[in-house]
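Enquirer: Spelled out from the first residue to the last, the chains are:
Number of protein chains: 4
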Amino acid sequence: MPAIGKTRWAIPEGYIPSESISQHRALLSHETACILNAGERDAKIRLSVFFADREPVHYRVSVPARRTLHLRFNDLKDPEPVPLDTDYASVFESDVPIVVQHTRLDSRRAEIALLSTVAYGED
Amino acid sequence: MPAIGKTRWAIPEGYIPSESISQHRALLSHETACILNAGERDAKIRLSVFFADREPVHYRVSVPARRTLHLRFNDLKDPEPVPLDTDYASVFESDVPIVVQHTRLDSRRAEIALLSTVAYGED
Amino acid sequence: MPAIGKTRWAIPEGYIPSESISQHRALLSHETACILNAGERDAKIRLSVFFADREPVHYRVSVPARRTLHLRFNDLKDPEPVPLDTDYASVFESDVPIVVQHTRLDSRRAEIALLSTVAYGED
Amino acid sequence: MPAIGKTRWAIPEGYIPSESISQHRALLSHETACILNAGERDAKIRLSVFFADREPVHYRVSVPARRTLHLRFNDLKDPEPVPLDTDYASVFESDVPIVVQHTRLDSRRAEIALLSTVAYGED
Numbered sequence: 008m009p010a011i012g013k014t015r016w017a018i019p020e021g022y023i024p025s026e027s028i029s030q031h032r033a034l035l036s037h038e039t040a041c042i043l044n045a046g047e048r049d050a051k052i053r054l055s056v057f058f059a060d061r062e063p064v065h066y067r068v069s070v071p072a073r074r075t076l077h078l079r080f081n082d083l084k085d086p087e088p089v090p091l092d093t094d095y096a097s098v099f100e101s102d103v104p105i106v107v108q109h110t111r112l113d114s115r116r117a118e119i120a121l122l123s124t125v126a127y128g129e130d
Numbered sequence: 008m009p010a011i012g013k014t015r016w017a018i019p020e021g022y023i024p025s026e027s028i029s030q031h032r033a034l035l036s037h038e039t040a041c042i043l044n045a046g047e048r049d050a051k052i053r054l055s056v057f058f059a060d061r062e063p064v065h066y067r068v069s070v071p072a073r074r075t076l077h078l079r080f081n082d083l084k085d086p087e088p089v090p091l092d093t094d095y096a097s098v099f100e101s102d103v104p105i106v107v108q109h110t111r112l113d114s115r116r117a118e119i120a121l122l123s124t125v126a127y128g129e130d
Numbered sequence: 008m009p010a011i012g013k014t015r016w017a018i019p020e021g022y023i024p025s026e027s028i029s030q031h032r033a034l035l036s037h038e039t040a041c042i043l044n045a046g047e048r049d050a051k052i053r054l055s056v057f058f059a060d061r062e063p064v065h066y067r068v069s070v071p072a073r074r075t076l077h078l079r080f081n082d083l084k085d086p087e088p089v090p091l092d093t094d095y096a097s098v099f100e101s102d103v104p105i106v107v108q109h110t111r112l113d114s115r116r117a118e119i120a121l122l123s124t125v126a127y128g129e130d
Numbered sequence: 008m009p010a011i012g013k014t015r016w017a018i019p020e021g022y023i024p025s026e027s028i029s030q031h032r033a034l035l036s037h038e039t040a041c042i043l044n045a046g047e048r049d050a051k052i053r054l055s056v057f058f059a060d061r062e063p064v065h066y067r068v069s070v071p072a073r074r075t076l077h078l079r080f081n082d083l084k085d086p087e088p089v090p091l092d093t094d095y096a097s098v099f100e101s102d103v104p105i106v107v108q109h110t111r112l113d114s115r116r117a118e119i120a121l122l123s124t125v126a127y128g129e130d
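Protein chains in written order, with our numbering: chain A, 8 to 130; chain B, 8 to 130; chain C, 8 to 130; chain D, 8 to 130.
The hints are simulated quantities; they were obtained by calculation from the structure and are not laboratory data. Treat the hints loosely; a few may be bogus.
It does not matter which identical chain is meant; a pair holds if it fits inside one copy or across any two.
Unchecked claim - Derived EDC-like pairs: lysine to aspartate or glutamate, alpha-carbon spacing no greater than 16 Å straight-line:
#1 Lys84 <-> Glu47
#2 Lys51 <-> Glu62
#3 Lys13 <-> Glu47
#4 Lys13 <-> Asp102
#5 Lys51 <-> Asp102
#6 Lys51 <-> Glu100
#7 Lys13 <-> Glu129
#8 Lys13 <-> Asp49
#9 Lys51 <-> Asp92
#10 Lys13 <-> Asp130
#11 Lys84 <-> Asp130
#12 Lys51 <-> Glu87
#13 Lys84 <-> Asp102
Chain A with its partners taken away, still in its complex shape:
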């Protein structure tokens, strides 16, 4: 399949609640960037996390050709974890076209709440 998407994506909203009713991974409060690389070349991505009051932090992510990666911000460790209960934003810069969608599952209360949106993309 020919590649689909854009090479730069932005998600202005980011917030990982520290509270969760459940400790089961599927129901733990989390923020996800779902990345689709539908094309025939592996994607090398620089992920930058922005904050309200300090300089951005950069991460490296890769997604093989014809694969999707549902990346949890909670799982980022290197160079540092994303702080909890803190407003952030993110930008993805890829060497091939990708598509990015933002999803949060919030389980601070007994019931879960969900939000999702396709990110803002441009080349």
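Please build the complex by placing chains B, C and D on the supplied structure of chain A, with the hints as guidance.
Expert: For chains B, C and D alone, coordinates are given in the frame of chain A:
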């Protein structure tokens, strides 16, 4: 009405929970791709489902002229059902312009949670 | 302010649940198309509602200059109400640029669920 | 990083419920415009709030270079607070490219509900 939309659409997020409090079809946990074909020609669509660790699977879908189809991924059977509790993504390739919106109803808990976003479209 | 937006908008997802825990208008299950006309000319809009198995139905809506209208599909009466518990989709055609966002409040259960997305726009 | 985004953004949906189960700031019903300024120049933004039946009200907001601001509409005071339980819409006009995402947390009931969408952007 002249056609509206794009011929290629991507939804990076996909996940069908196996759990549901209710077995009533309207309240069963499900993922939907709402497809609108507002134009005057029937749409023949190839739907490709992408995974984290294996090759994509392809399906065929059609939407008549001036009709909408709210397609549940749960209902896809041929060549194989979409696995539950598994991250996936999807791409729609149509021979005429369409518009695609992604919605999930999650009823793993007693109350439902909803998410929705217009997919990423391009020609 | 110069006008902002597009003249054609599509919302592939539409579904008004017949059930509601609450009969209070703010908490009644409803589907809304939020329309913003930020420009200096009144907007005359043709709204077409599409179904899975019958021809579309057309409505007329107007939004004054520099105003927003949060239109509930539940409130449409002429030429006919939008049926409950039925999949539909919608297209907005305006004579001036507008912006359209889709929101649903679902109160079939004791707690509410929300979804929202900016619609698909083009000229 | 080169700037990413657009200079004009619209959010047709806006509504701040007056009710909240919790008075804790994180769980108080609120509407947020998450603004990302990924570029190297500070952003000066004019925010216009539109209503159903009166003239728009204008606010001033700024976001430093390489920072994100998660702006709560509830916090706007000058020239006047945004009224509760009232339909509104908003437009952001920036002197440099930004990206805007709209999020609402609704805690009128015991459990929270969330919605989010990237706003409509153009230059």
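Enquirer: Take the hints in turn and mark each one as holding or not.
Expert: The hints, checked one at a time:
no. : hint             : result
1   : Lys84 <-> Glu47  : neither (28 Å within a copy, 26 Å between copies)
2   : Lys51 <-> Glu62  : neither (22 Å within a copy, 19 Å between copies)
3   : Lys13 <-> Glu47  : within (15 Å within a copy, 22 Å between copies)
4   : Lys13 <-> Asp102 : within (10 Å within a copy, 22 Å between copies)
5   : Lys51 <-> Asp102 : within (6 Å within a copy, 31 Å between copies)
6   : Lys51 <-> Glu100 : within (8 Å within a copy, 25 Å between copies)
7   : Lys13 <-> Glu129 : both (5 Å within a copy, 10 Å between copies)
8   : Lys13 <-> Asp49  : within (14 Å within a copy, 25 Å between copies)
9   : Lys51 <-> Asp92  : neither (29 Å within a copy, 27 Å between copies)
10  : Lys13 <-> Asp130 : both (5 Å within a copy, 13 Å between copies)
11  : Lys84 <-> Asp130 : neither (28 Å within a copy, 37 Å between copies)
12  : Lys51 <-> Glu87  : neither (20 Å within a copy, 31 Å between copies)
13  : Lys84 <-> Asp102 : neither (23 Å within a copy, 35 Å between copies)
Hints 1, 2, 9, 11, 12, 13 from the list above are not met by this structure, while the remaining hints are.
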